[in-house]
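So the protein lines, in turn, are chains A and B.
With the first letter of the first sequence counted as 1, position 266 gets the number 266 in our numbering; the numbers rise by one all the way through.
Adding 508 to a residue's 1-based position in the second sequence gives its number in our numbering.
Derived from the structure by calculation, the hints contain no laboratory data.
One or more hints might be untrue.
Taking lysine to aspartate or glutamate and the EDC-like style, the derived pairs with C-alpha atoms no more than 20 Å apart in a straight line are [to be verified]:
{"#": "1", "chain 1": "A", "residue 1": "K258", "chain 2": "B", "residue 2": "E511"}
{"#": "2", "chain 1": "A", "residue 1": "K459", "chain 2": "B", "residue 2": "E510"}
{"#": "3", "chain 1": "A", "residue 1": "K459", "chain 2": "B", "residue 2": "E511"}
{"#": "4", "chain 1": "A", "residue 1": "K477", "chain 2": "B", "residue 2": "D518"}
{"#": "5", "chain 1": "A", "residue 1": "K258", "chain 2": "B", "residue 2": "E522"}
{"#": "6", "chain 1": "A", "residue 1": "K505", "chain 2": "B", "residue 2": "E551"}
{"#": "7", "chain 1": "A", "residue 1": "K100", "chain 2": "A", "residue 2": "D150"}
Derived Cβ-Cβ restraints for the label pairs, each shown as a range [said to hold, decoys possible]:
{"#": "8", "chain 1": "B", "residue 1": "E514", "chain 2": "A", "residue 2": "V17", "range": "51 to 61 Å"}
{"#": "9", "chain 1": "B", "residue 1": "E510", "chain 2": "A", "residue 2": "A33", "range": "54 to 64 Å"}
{"#": "10", "chain 1": "A", "residue 1": "N237", "chain 2": "B", "residue 2": "V555", "range": "20 to 30 Å"}
{"#": "11", "chain 1": "A", "residue 1": "D49", "chain 2": "B", "residue 2": "E510", "range": "57 to 67 Å"}
{"#": "12", "chain 1": "A", "residue 1": "T161", "chain 2": "B", "residue 2": "E551", "range": "51 to 61 Å"}
{"#": "13", "chain 1": "A", "residue 1": "K48", "chain 2": "B", "residue 2": "N550", "range": "54 to 64 Å"}
Every residue gets a Cβ at the ideal spot worked out from N, C-alpha and C, and that includes glycine.
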Amino acid sequence: MQQMNVLEYLERTAPRVPQKLAFSDGTEGLTFAEVFDQSRAVGSRLAKDGYYNEPVVVFMRKHPKCVPAFFGCVYGGCYYVPIDEEMPRFRIELIFQNLKPRVMICDDDTVEMAKTFDFDGQILIYDQVAQEPIEEAMLAFIRARQLDTDPIYIVFTSGSTGVPKGVVACHRSVIDYIENLSETLGFGEHTVFANQAPLYFDACLKELYPTIKFGATTYIVPHSLFMFPIKLVEYLNEHKVNTVCWVVSALTMISSFKTFEKVKPQYLDTIAFGSEVFPIKQFRLWRQALPEARFTNLYGPTECTGMSCFYHVDRDFELDEAIPVGRPFRNTQILLLDGENKLAEDGAVGEICIRGTCLTLGYYHNFEKTNEVFVQNPLNDRYPELIYRTGDLGKWNERGELVFVSRKDYQIKHMGHRIELGEIEVNVNMLDGIQTSCCIYHKETDKIVLYYVGDMEMKTLVTVLREKLPRYMIPNKVIRLETMPLTANGKLDRVALKNMYESEKKEK
Amino acid sequence: MEELIEILEDLHPEVDFDTCDTLVDDKILDSFDIITIISEINETFDVVIPAEEIIPDNFNSAKALYALVTRLEEE
Chain A
1 MQQMNVLEYL
11 ERTAPRVPQK
21 LAFSDGTEGL
31 TFAEVFDQSR
41 AVGSRLAKDG
51 YYNEPVVVFM
61 RKHPKCVPAF
71 FGCVYGGCYY
81 VPIDEEMPRF
91 RIELIFQNLK
101 PRVMICDDDT
111 VEMAKTFDFD
121 GQILIYDQVA
131 QEPIEEAMLA
141 FIRARQLDTD
151 PIYIVFTSGS
161 TGVPKGVVAC
171 HRSVIDYIEN
181 LSETLGFGEH
191 TVFANQAPLY
201 FDACLKELYP
211 TIKFGATTYI
221 VPHSLFMFPI
231 KLVEYLNEHK
241 VNTVCWVVSA
251 LTMISSFKTF
261 EKVKPQYLDT
271 IAFGSEVFPI
281 KQFRLWRQAL
291 PEARFTNLYG
301 PTECTGMSCF
311 YHVDRDFELD
321 EAIPVGRPFR
331 NTQILLLDGE
341 NKLAEDGAVG
351 EICIRGTCLT
361 LGYYHNFEKT
371 NEVFVQNPLN
381 DRYPELIYRT
391 GDLGKWNERG
401 ELVFVSRKDY
411 QIKHMGHRIE
421 LGEIEVNVNM
431 LDGIQTSCCI
441 YHKETDKIVL
451 YYVGDMEMKT
461 LVTVLREKLP
471 RYMIPNKVIR
481 LETMPLTANG
491 KLDRVALKNM
501 YESEKKEK
Chain B
509 MEELIEILED
519 LHPEVDFDTC
529 DTLVDDKILD
539 SFDIITIISE
549 INETFDVVIP
559 AEEIIPDNFN
569 SAKALYALVT
579 RLEEE
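Start from the sequences and build out the full structure, keeping to the hints where you can.
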């Protein structure tokens, strides 16, 4: 019978390898039997308390227990929305306004902070709920009504108006992704993952779901290790990690400090990376250190469930070349559309549009934004068919590989995170003492530079922004101006600001 | 030392770098900061911090970091 529900992965694996370690942070871990039982206990409690087909906020420290909390929501016929103590309070409040959640699962570390939120729903404590009895009949009743088009999670991405957008994904798109990703990267029961991505992004699907599909093991790497390259590699070796799917900046953090001269990953044979350009100089260091390993570039938007395209690196690249994005996973198609909504000619630049089961359901409680980018396929005037317009520009190279060119708008990739520069500006402009602001992204140095006009001191501005924006959205450089340069049309002159920043750098 | 404090204050204007000696232990600095600091030190002092020196002890205070830079400059 065809798989309809992501929980079937867990239900096949848990009885087969109940005592195997499933998720661990290196100190504390959960076996598959524990993940299975605790997930069902959480689902039972949600059902008993009357929550169904609604968002459940999971606000827990990054820990293996987050995983059964997530699956517990799905057992309860609800969908999980991970938030994190690293998120600034202002952003969490915006997310709550969008979700209007009635229930939140916390742990002992986060419950006090959760009580200070503007939230009058119920707070469940994970450690208590996870030990409660499993109501088999209730869970079976929920399952019988569950469809593969029902949502399982919402993750929030940056929005240019300053309000984050909640991407809603369903069983079917996640199953499609996990099946094709696993085949492409050769995952199996032997796979030992080291997770780097925060659990509140879709990037962590790459580890969580293949782990329950195959009975593999995932180590959730403590965040602090990503500051200390030698310790990080030692951690990988200690746990015999053979597979990583990391953002490029986490990989270059290791290679750029000559870490490989001291210590090399001994078991690593599968390295997937994505979300940003891999500098070839750094990539070569990785290849030299691990000549037998397979390196794969991944590309895809959150709106199409994780990743959509892959390229197994099979040749050398010049220092000024970019590693291609490659080709789509099975059951996914890429359309490059030109300004007239026709297919771009070979070699010409077009907007990357995606077609297939991988499309998520859209943005939660936001039909307006959803309809802007999840649109009728302009090549099809015969029946309804949605495509997702990524806003990324790409082209096919002479080898038939997709190559990322740039963005259409002011969205950037910085340290592996997708950021709308407009969201930073909106948050700055809201502050008292700010007249106007403009953000530019200096690609060469990977720096976000914020220019502003106003009475506020630069230091105060940075301090205030830390309460409003996630860490990765804080500008690397803040510069106060007397007046903002404008174009002939009276718009902010981003080109002039870029030139200003470049010449200032040279003077130094 | 002044130049170093400037680099640090650019990242965390709210911190008193003259006195704080738990920058890593109290999670004031994160991995973004460490990478930025290392590249800024490289640009400003022309000093490359090798991997084996990227350890919590060397980043817990401005003083410790300055001692590291001075030591590397002499080598």
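Structure-based check of each hint:
no., hint, result
1, K258/A x E511/B, "violated (25 Å)"
2, K459/A x E510/B, "holds (17 Å)"
3, K459/A x E511/B, "holds (17 Å)"
4, K477/A x D518/B, "holds (7 Å)"
5, K258/A x E522/B, "violated (32 Å)"
6, K505/A x E551/B, "holds (11 Å)"
7, K100/A x D150/A, "holds (19 Å)"
8, E514/B x V17/A: 51 to 61 Å, "holds (55 Å)"
9, E510/B x A33/A: 54 to 64 Å, "holds (59 Å)"
10, N237/A x V555/B: 20 to 30 Å, "holds (29 Å)"
11, D49/A x E510/B: 57 to 67 Å, "holds (59 Å)"
12, T161/A x E551/B: 51 to 61 Å, "violated (36 Å)"
13, K48/A x N550/B: 54 to 64 Å, "holds (58 Å)"
Hint compliance for this structure: hints 1, 5, 12 are not met, and every other hint is.
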